[in-house]
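Peer 1: Could you build the full structure based on these sequences and the hints that come with them?
Here is what each chain is made of, one letter per residue.
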Amino acid sequence: MAHQIVATGRSRTGIPTGRLAVWWIIGSEIVIFGGLIATYLLNRFNHGPSWSAEAAHTNTFIGAANTFWLLTSSLFVVFAHAASERQDAKKTRMWIWLTIMLGGFFMGFKSYEYATEILHGYTIFTSNFWSFYYLATGLHGFHVLCGMVIMAIIAENDIKNERNWHRVENIGLYWHFVDIVWIFLFPLMYIAK
Amino acid sequence: MAEVVHVEVGHGEHHDDHHELSFWSKYIFSTDHKIIGFQYMFTGMAMALIGGYFAYVFRMQLAFPGSSIPFWGTLSPAAYNSLVTNHGTIMIFWVAMPVLIAAMGNFLIPLMIGCDDMVFPKINRLSYQIFLLSAIVLLASFFVPGGAFGGAWTSYAPLSAKAQYNSTPFGAPLWLIAVTLEIVAFLLGGINFITTTMNARAKGMKIYDIPMIVWMIVIASILFMCSVGPLVAGAVMLLFDQTLGTAFFDANAGGDPVLWQHLFWFFGHPEVYVVLLPAMGIVAEVTCTFARKKLFSYKLILYSSIGLGILSFFVWAHHQFISGVDPRATYLFTTTTLLISIPVAIMLFAFVATLYGGSIRFTTAMLFALAFTGEFLLGGVTGIWLGSSGTDIYLHDTYFVLAHFHYTFVPIAIIATFAAIYYWFPKMFGRKMNESWGKIHFWGTIIGFNGIFIPLFILGAGGQHRRIYNFQNYPDLAGADMQDMRVFATMSLIVMLVSQIPFLINFIVSIKRGEKAGKNPWKANTLEWVAPSPPPHGNFGPVLPEVYRGPYEYSVDGREKDYWPQNEKPEPEAS
Amino acid sequence: MSGHKHPSYLKIYFTLLILFIVSVLGPEMAHVLGLEGVPRALLVLSTAFGIAIWKAYLVCAYFMHLKVEKIYAPYILLACLSLLFVFFFGTATDAMFANGHNWVKKYSEDEALAEVIARDEHHEDDHGHSESHDESHNEEKSQ
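Chains as they are written, first to last, in the working numbering: chain X, 1 to 193; chain P, 1 to 575; chain Z, 1 to 143.
If you're looking for bench data, these hints aren't it; they were derived computationally from the structure.
Treat the hints with care, as some may be off.
With a straight-line cut-off of 20 Å between C-alpha atoms, the simulated EDC-like cross-links for lysine to aspartate or glutamate are [stated by the list, open to error]: (1) X/LYS193 - Z/ASP110; (2) Z/LYS67 - X/GLU85; (3) Z/LYS106 - P/ASP326; (4) X/LYS193 - Z/GLU111; (5) Z/LYS106 - P/ASP250; (6) P/LYS122 - X/GLU85; (7) P/LYS206 - P/GLU553; (8) X/LYS193 - Z/GLU36; (9) X/LYS193 - Z/GLU69; (10) Z/LYS105 - P/ASP326; (11) Z/LYS105 - P/ASP250; (12) X/LYS193 - Z/ASP120; (13) Z/LYS70 - X/GLU85; (14) X/LYS193 - Z/GLU115; (15) P/LYS523 - P/GLU568; (16) X/LYS193 - Z/GLU109.
Some chain P residues flagged as far from chain Z (calculated, every beta-carbon gap over 12 Å) [claimed, not checked]: (17) ALA152; (18) ARG292; (19) LEU332; (20) HIS396; (21) ASP397; (22) ILE454; (23) GLY463; (24) GLN483; (25) PRO536; (26) VAL556.
Since this is a predicted model, take the numbers as computed values, not measurements.
Don't be surprised by glycine CBs; every beta carbon is placed ideally from N, CA and C.
Peer 2: This is the structure in C-alpha cells:
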C-alpha cells in the first residue's frame, strides 16, 4: 500500500525506530541464551568431574577456527556498515556477502564437527552434557543461519536498489550479538575442561 | 503494446485497492492497528468461551461426580485433567494476554499517544497470525491420539517430560509448541508496543503526559520480554525431552526436574504482573474519567509499578516452597513476596483516593472498575498467607491457592476487561452499549464470581486438594457439608456463565443499533477521544494532534468545563 | 550514527584476535605447566572467561557502537543481563548442589564419571566404527 506510516518516522528517543527494536530484540535474546547458559552452568557446577571429562571430547581446534570466522565476520559487517553510511552500494554488498561467506565457513565447520562427533558416538542422547552442547550450539547455529538469510535479503533487495541503508546497521548489530554469544559458548563448551 | 496495456490495468487495480479494500485485506490481512486489536479481542473472546465451557464441564463433574454432564456426557479422569490444564492455559495465555495486552495495546497505544499506527504494522500483523496459529495448535491437541495434555498449566517435569507418565504422546508436545508460538507472538507484539511508545509519541507528549494504561502495557511488555527467555530455553529442552528422549529434566540421568519449575516460574510469576499491570491501567483510566478527578499521585503509581516490575523478578520460588527448594532460599522469597504487596496496595489505594471527593458516575464501566479494586484486594490479601512459607506448606495445592489466584485473575482478565470494553466500546464501534443490560451483566458476573470462590476458600482451608477428579473416593473430603459447597460453587459458575449471554447480545446488537456515541461520549481527556468514532485508517485525519498537558486534568479550578483534553491549545495568557 | 569519528575497526579487530589467542593458549598452558587446584582454576578462569568478557565488551563498545549510542540501549541490555544473575543465584541454591538441607539427589556423580571413562576406553579400542556408538548408546540407556 502506498500509505506511509507517520509513526515509523518519529524518533522521540533519538534512536531510529528500527535500531531501537533491534536493541530490544537483542535484549530478549540475551535472556534466552542467558537462561540456557545459566542452566548449563548450574549443571556444570553440579556435575563437575563427569562434565569436565565429557567436555574434553569437544574439538577445540574447530571451536577456535569458528571463533576466528565469527570475529572476522564481525569486522566485515562493520565495514559493510561503514560503506552503507557512505551509501556505497557496491562496497556494502561486497562486505555483506563476505560476511555471509564467513558465516558459511562457520556452518560448514560446525556441520563437520557435528558429523564427526555423532560418528564417534557423542549424540544428543549420550549424556546431559552432550544434550546441552547440541542444544546451545544448535540454537546458536540457527541464529547464524537466520542472520545469513536476512543479510542476503538485505544485500539483494535493499542495497541493490539503494534504499533502506539503515538495515545494514541493524543486521550488523544482530550479527555482533550472535558473535558475542559464541564468544561465551566457546570457553564454556570447548576451553574449560 | 500488450505490455503497456497490462501495466495500465495493473496500475488501475492498485488504485482501486487503495480506496476500496476487499473484505480480506480490510479485516483479515490488515496492518491497521485497530483491526489487529479487534482480531486479538475476538479471538480472545472466543477462547474465553471455550475456557469457560471447560470450567463448566469439570465443575459439573466435581459437583455431581460420575453423572452425565449436559453438553458433554460422562467425563473420564483423563479428559478431566485435559480440561483443567487447558482451562488454565487458555485463560492465561489465550484470554488474559491477548485481550489485555495485545487487543488493548494495539487498539489504544497509537490512539493514545497520537500517531497513526504502530511503528511496525507488518510485524504487528505477523504477531497476530502467529498467535492465531498457536491457538489453532492448542485446540488441535484435543483431537490427536491420546488427547490433550493433562499435566496442569505449569507442565511440571517429569510428568510432562515423558509420554509414559502423562500418556499424551502428542498432546504434550503440541501444548508446548502452542505456548512457545504464543510467546513468540507476544515478543513481536511487545517489541512493537515498546518501540511505538518510546519513539512515536505525539509532539509535546512528555513522559509524564503518557496515559497510565500505555505506561502499564509498556512496563508489562518489558516484564514479559525480560522474563520469558529462560522459559523459551526451557521449553526447547522439555520439547527435546518429550520428543527425542533427552534427559534435561530426568533425575535418573542427572537432570533436574526442579530446574524446570525454576525456568517456568521465573517467567510465570512476572507473568502475573504482566497481566495485572494493564488491568491496573484500565482501572486508572476508567476511575479518573467517571470520578471526574485527577488521578491521585500519577508519579507514585508509575514508580510503584516500575518497582513492582523489578521486584517481580525476585519472588518466583514462592510457588515452589514444598517442591524441594532450599529452606534458606524460602526466607528470601517469603520476604520479597510480602514486599511486593506494597506497590500493589499503593496502586489500589491511589484509586480509592482518586474517588475521594469526586463526582462519581456509576456507569457499567465504572462499576466494573470499582469491582476490580475491591475484588483484587481480596485476592491480594489472601496471597499473604500463601507467600509465607510456613502457612504455604499447609495450604499448598489446595483449593485455597486456587481461590486465591482466581480472585486475582478473574478481576484482571474478566472484570477489568469488561470495564475496558464498556469504556472503549464507543471508540471502537462508534456506538454506546446499553447500560441497563450492562448492569444486569455486571451484577450477574460479580455475584456469580464471588459465589464460586468464597466456598472454595473455605474448602481449601478444610484441606481439599486441587487435582482430584472425584472427591467421593476420599472419605475425609466426601462429607455432605463439603459437597454442598461444591454444588453451590458450580451453580454460581452457571450463574456467571449465563450472565455473559446479556453481554454478548448487548455487544452484538450495540455494534449495529446502539446509541450513537460521537467523538467523546465520556468527556475524557486522552487523545483517543479526539479521533472520530470509530477512528478511520490513519486515526486522526491529515493532522496528528499535539499535546499540551497531562492526561488527567479533570475538574480543574477556574475552568468552565470539568475536563481539559490533552490536545486543547492553552489560552494565550489570560490572567 | 553519522557525525562522529569511528574508532579504527582494524585496531579493535587485532586486539580481539590477540585476546582470542591468549584465551586458547591459557588453558593449554595450565595443562603444559601441570598446574593443579587453585592456580589452575585461576589461570583457566581468567584466560577463558575473563577474556571472553573483555572481548564481548570490545565488540559491544566499538563494533556495536554502544559507547556512542543513546543511553537507552546499554540500559536495555544491562537490565536483561542483570536479570540472568537474579535467575542464576535464585536457582543455584538447589539446582547447583547434589544435596541440600532437606533433600539429596540420587544421581551419583562417581558412577557418571566412571561411565564416561569406561566409554572413552571403549572408544579407544575400536575408534570410529559405527557399531561403537550404537553400543555406547545402548549402554547409556540401560543405566
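Peer 1: Run every hint past the structure and note whether it holds.
Peer 2: Hint by hint, here is what the structure shows:
no.: 1; hint: X/LYS193 - Z/ASP110; verdict: 17 Å, holds
no.: 2; hint: Z/LYS67 - X/GLU85; verdict: 18 Å, holds
no.: 3; hint: Z/LYS106 - P/ASP326; verdict: 17 Å, holds
no.: 4; hint: X/LYS193 - Z/GLU111; verdict: 19 Å, holds
no.: 5; hint: Z/LYS106 - P/ASP250; verdict: 11 Å, holds
no.: 6; hint: P/LYS122 - X/GLU85; verdict: 26 Å, violated
no.: 7; hint: P/LYS206 - P/GLU553; verdict: 15 Å, holds
no.: 8; hint: X/LYS193 - Z/GLU36; verdict: 12 Å, holds
no.: 9; hint: X/LYS193 - Z/GLU69; verdict: 38 Å, violated
no.: 10; hint: Z/LYS105 - P/ASP326; verdict: 13 Å, holds
no.: 11; hint: Z/LYS105 - P/ASP250; verdict: 11 Å, holds
no.: 12; hint: X/LYS193 - Z/ASP120; verdict: 15 Å, holds
no.: 13; hint: Z/LYS70 - X/GLU85; verdict: 18 Å, holds
no.: 14; hint: X/LYS193 - Z/GLU115; verdict: 17 Å, holds
no.: 15; hint: P/LYS523 - P/GLU568; verdict: 13 Å, holds
no.: 16; hint: X/LYS193 - Z/GLU109; verdict: 16 Å, holds
no.: 17; hint: ALA152; verdict: 21 Å, holds
no.: 18; hint: ARG292; verdict: 36 Å, holds
no.: 19; hint: LEU332; verdict: 8 Å, violated
no.: 20; hint: HIS396; verdict: 15 Å, holds
no.: 21; hint: ASP397; verdict: 18 Å, holds
no.: 22; hint: ILE454; verdict: 34 Å, holds
no.: 23; hint: GLY463; verdict: 23 Å, holds
no.: 24; hint: GLN483; verdict: 36 Å, holds
no.: 25; hint: PRO536; verdict: 33 Å, holds
no.: 26; hint: VAL556; verdict: 34 Å, holds
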